[in-house]
Every structure is written in structure tokens, then in C-alpha cells.
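*Asks:* Fit chains X, C and D to the known structure of chain E by using the hints.
There are 4 protein chains.
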Amino acid sequence: MHTYIIRVRGFHLDLYGHVNNARYLEFLEEARWDLLEADRGLDWWHEQGLAFLVASITINYRRPAGLGVDLEIRSSMRRLGGRSAVLRQEVVNLATDEVVADADVTFVVICQETGRPVALDGALREAFGGDPA
Amino acid sequence: MHTYIIRVRGFHLDLYGHVNNARYLEFLEEARWDLLEADRGLDWWHEQGLAFLVASITINYRRPAGLGVDLEIRSSMRRLGGRSAVLRQEVVNLATDEVVADADVTFVVICQETGRPVALDGALREAFGGDPA
Amino acid sequence: MHTYIIRVRGFHLDLYGHVNNARYLEFLEEARWDLLEADRGLDWWHEQGLAFLVASITINYRRPAGLGVDLEIRSSMRRLGGRSAVLRQEVVNLATDEVVADADVTFVVICQETGRPVALDGALREAFGGDPA
Amino acid sequence: MHTYIIRVRGFHLDLYGHVNNARYLEFLEEARWDLLEADRGLDWWHEQGLAFLVASITINYRRPAGLGVDLEIRSSMRRLGGRSAVLRQEVVNLATDEVVADADVTFVVICQETGRPVALDGALREAFGGDPA
Chain E
1 MHTYIIRVRG FHLDLYGHVN NARYLEFLEE ARWDLLEADR GLDWWHEQGL AFLVASITIN
61 YRRPAGLGVD LEIRSSMRRL GGRSAVLRQE VVNLATDEVV ADADVTFVVI CQETGRPVAL
121 DGALREAFGG DPA
Chain X
1 MHTYIIRVRG FHLDLYGHVN NARYLEFLEE ARWDLLEADR GLDWWHEQGL AFLVASITIN
61 YRRPAGLGVD LEIRSSMRRL GGRSAVLRQE VVNLATDEVV ADADVTFVVI CQETGRPVAL
121 DGALREAFGG DPA
Chain C
1 MHTYIIRVRG FHLDLYGHVN NARYLEFLEE ARWDLLEADR GLDWWHEQGL AFLVASITIN
61 YRRPAGLGVD LEIRSSMRRL GGRSAVLRQE VVNLATDEVV ADADVTFVVI CQETGRPVAL
121 DGALREAFGG DPA
Chain D
1 MHTYIIRVRG FHLDLYGHVN NARYLEFLEE ARWDLLEADR GLDWWHEQGL AFLVASITIN
61 YRRPAGLGVD LEIRSSMRRL GGRSAVLRQE VVNLATDEVV ADADVTFVVI CQETGRPVAL
121 DGALREAFGG DPA
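Top to bottom, those sequences are chains E, X, C and D. Each step along the first sequence adds one to the number in the numbering used here, with nothing skipped, and position 101 is 101. Each step along the second sequence adds one to the number in the numbering used here, with nothing skipped, and position 91 is 91. Each step along the third sequence adds one to the number in the numbering used here, with nothing skipped, and position 4 is 4. Each step along the fourth sequence adds one to the number in the numbering used here, with nothing skipped, and position 71 is 71.
For reference, chain E alone in the conformation it holds in the complex (with noise of 0.2 Å):
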């Protein structure tokens, strides 16, 4: 499981002083920026020509959290398909343990010369945790 931990500040929340709903996507997404540097790197990524392309997003809004709050987004593999691939991000409150918020992040890995999905085998799976096809 990676972690990764960002503080709530002021013009993160809405007026009812709450993280606002669009805001929890960037959190999402600077998590999975510091994953995939924590891996390989982002220049694997680009001498690969490969980009990590989102296909959907369910979020669930649990609990709302409020300034200064250090949330911590906990993300792991959920599924590991042939083509696509879920990861499902959790973000937890630090100081009450409790979870804000939930997702499941489908995505595909593109050719950036064609722009269409590659298989998630070889090192491109064992990046994702699987055992290399």
C-alpha cells in the first residue's frame, strides 16, 4: 500500500468549511503522481512512451474534513485486468482514523504515439504489483 499525507488549507475548503468535492480529485491525483514516482519513476514512464490515462471514478463522500486536518490517502491495487486496472484510494483522517472519503479508480495505460490502451504485462505489470506475464 502506498501513503501519501496532505494538510487541508483554507482554499481547499467550501464556504460550509468543508474540503470541497473537485478538490478531493487533486488529492487523489497528486497521491498517484507520488506513486508512480516512488516506482519507476516518471521518467520510465515518458522513455516508455506510456501515460496513465483515467477511465472513470466512483467516489463516496463520508465524512466531511476541515482545515488543518492531515489527511493521509491510502492507495493499492484492486483489480489487475488484461487491459485495464482499479485502484482504490482511501482517505483517512489522520487525527480521528476515520475515512473521508473512498474511490475506485479505473484506469488504462496508453501508447502516447497512438493514444490507445497497451497491455498490462511485463514490467508494466510488476509496476502495478502483479507478477510479470
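Hint data in this document are derived by calculation from the structure and do not stem from the laboratory. Every residue, glycine too, gets a C-beta built ideally from N, C-alpha and C. Worth double-checking, as some hints may not be accurate.
[As the list claims (entries may be wrong)] Which residues of chain D face chain E? A partial, calculated answer using Cβ under 8 Å:
id : residue
1  : R9
2  : F11
3  : E29
4  : E30
5  : W33
6  : L42
7  : G66
8  : L67
9  : G68
10 : E90
*Replies:* Relative to the frame of chain E, chains X, C and D by itself:
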């Protein structure tokens, strides 16, 4: 069905020249604010002490959308339950008539004083296109 | 003078119920995209291989603006130099006719191939309301 | 001088692959929240019934910053007046040690009850690095 048009601007785009994932959630929210205004108006909600609260969103990113494109957000009630409801929102590229993204937005209406969901009946049910209880 | 209206939505607001500081820069940018479209159109800029680049912004936050307010962004050229220019942008609350914020936006036009500023003469000078050289 | 590091992520970028203009204002604000926390903490401000209010910002965009770069925001008090002050904030690319952007942020401190600026003396003046009155 409620419709609302947003033109894609430079600051909506990511480095691939496509509308950013998180930004679509702002587009959907903008359309929902317009929908609430077009119906009873925001004052009605305020006077009733009620607030619209998103519980979960499932969004599918189907095609990229680039600079200058007019996106029409088409919103219609998909399911109207006793205490929660699902609004269907499609984002259509008006130049090509293709669906760029679609989303199911599950929401509740909360009483601002208690913070708890209220029953979707009476004027509230009518506001969402259902028959008054 | 070019005018453009933006209605304040919930996701524009901070926890005090006022439009967030950073968001005003998006409002100003949205008005500038509309201004460029209303003049020669974005295709013209693309065909010429030119891009609009902001060098500096001075923005004064004069009054708060809340939910549902219509803000009119009024843009006019303040100074048109040889290689840089200053666009004046005022944000006016249409309900009260008060200035909510005003900004001086200094920009250059760069050649996309070289990345360097070009002289603001000929068709470009005309586009910004000056006499063609 | 207060320092704070932000790594540039994909969703910070515009279609040229550079950090978006409006996003810099969020970076500056994030550093200011950290500065307030590092000093008396947010609770102190809340207990005193005081709030930090930005009156104007002058920002110069000097160089582009791209994906994966670590930006250090360096904040120091530039001018400490009787009722307003100017914080200088520089954004430095840590890989090249070049200034990417710099800003002068003029602010006041308001009493949350009255909404009016208070004198920057006593503990408040000390908090901003000045001598207590």
C-alpha cells in the same frame, strides 16, 4: 432535462490539451447550481434551511475535450428514492454531438441545523420532478 | 471595452462565503479568452504561431463577492508598448455596481517557435486597439 | 525567512506543460498557511478572533516551471506598517536555483466580529517579526 453550456478555456486544460479530470466535477457542479436556480431559486433553499449534499459520484471519462469547445451538460433525475436520489449528468461536445463524460451523482438533502438528511417528499420531491407525496 | 459576465457559484467560495483569491485570476483569464475570441479568434493566433503570455499581474481585492452574484469583467487596454502591454481588468458586482477587484495584467506576445516576445506592431497592434504601424 | 516546498504535479500544469498562473496563487497561499501554523498556530488566530486578509498581490511570472520540479516558496516580511504589511514571497526552482515567480502580498489583519482591520501591534506585530509596540 436541464441543459447548461460551458466553453472550454485554456486554464481548464492539462498538459495534453484536454480538460482536466477534476475540472469536470466543477462543470457538473456549475450545471447543478444553475438547475437549482432555474427551479425554486437559491433563496428557497436558504429559507427552508436545506442544503444539497453530494454523497457519491461515478464519472466516466469517454473522450477528450479541447480548447474552445462548447460542452453541454444535460442533467436529468435518474432515480428518486425516499431519502436519496441520483442525478444523471452527461457532458456532450456540441461540435460533434459526442458524449465526452457522463456521471451519476447521488445526493441527499440535509437540514442545515441538524446536518441530517431529510425525506424527499412534498415540495422537495416536486422540485426534483417527482410527484408530491 | 470588452465585457464578460460570470455568476459566482458555490465552488468559487472560500469558508467565509467569498470568492477565493486565486479564483479571481481564473475569472480574469476567462474574460481574456473571450476577448481574444471576440476579436480575431483563437485560430488566427494559432495560424500566426503566436501566444499570449502574462508577465505580471497586480490585483487589488476591494470588496467580497458572494454566492449567486453576477460579476462583470470589464477589460480595456491601458498601455500599449513596443513589446509589452498592460490590460486593465475590473470586476464589478452588477447588483451593486461596486468594483470588487481590479487588476493590471502586463503581457507579451511570444512566437511559439522561438519562445521569444515579438514586436506589437501591424495586425497585432490593431488587435489590441492600437494604430497599425 | 520561512520556506516551504511544493512539488509540481500534472494537474498544476497548463497545455504548455507549465504551472498555470492562477495555481501560483494557491502555492503562495499554501506557504502562508504553513507560516501561520509554524508561528502561533491557527488556534491562536481563532481564539483572538482575528483573520488574515489579502488586500492586493503583485506577482511577476519570471520563468516557467514544469512537471516534477520542486519549488521552494521563500517568504519574508518586506514592510510592516501600522495597519497593513507586505509579505515578499519568492518561488525558486530548487533544481536550477532560479526564481520562477515573485510576489508582494499586501495584507491586513481583521477582527472577525467587526470585519475591520486592527492595528498591527503587540503580539500581532511580534508574530510578523516586528518589535512589540
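*Asks:* Taking the hints in turn, state whether each one holds.
*Replies:* Now the hints, each set against the structure:
no.: 1; hint: R9; result: holds (5 Å)
no.: 2; hint: F11; result: holds (5 Å)
no.: 3; hint: E29; result: holds (5 Å)
no.: 4; hint: E30; result: holds (5 Å)
no.: 5; hint: W33; result: holds (5 Å)
no.: 6; hint: L42; result: holds (5 Å)
no.: 7; hint: G66; result: violated (11 Å)
no.: 8; hint: L67; result: holds (7 Å)
no.: 9; hint: G68; result: holds (6 Å)
no.: 10; hint: E90; result: violated (20 Å)
Going through the hint list in order, the structure does not satisfy hints 7, 10.
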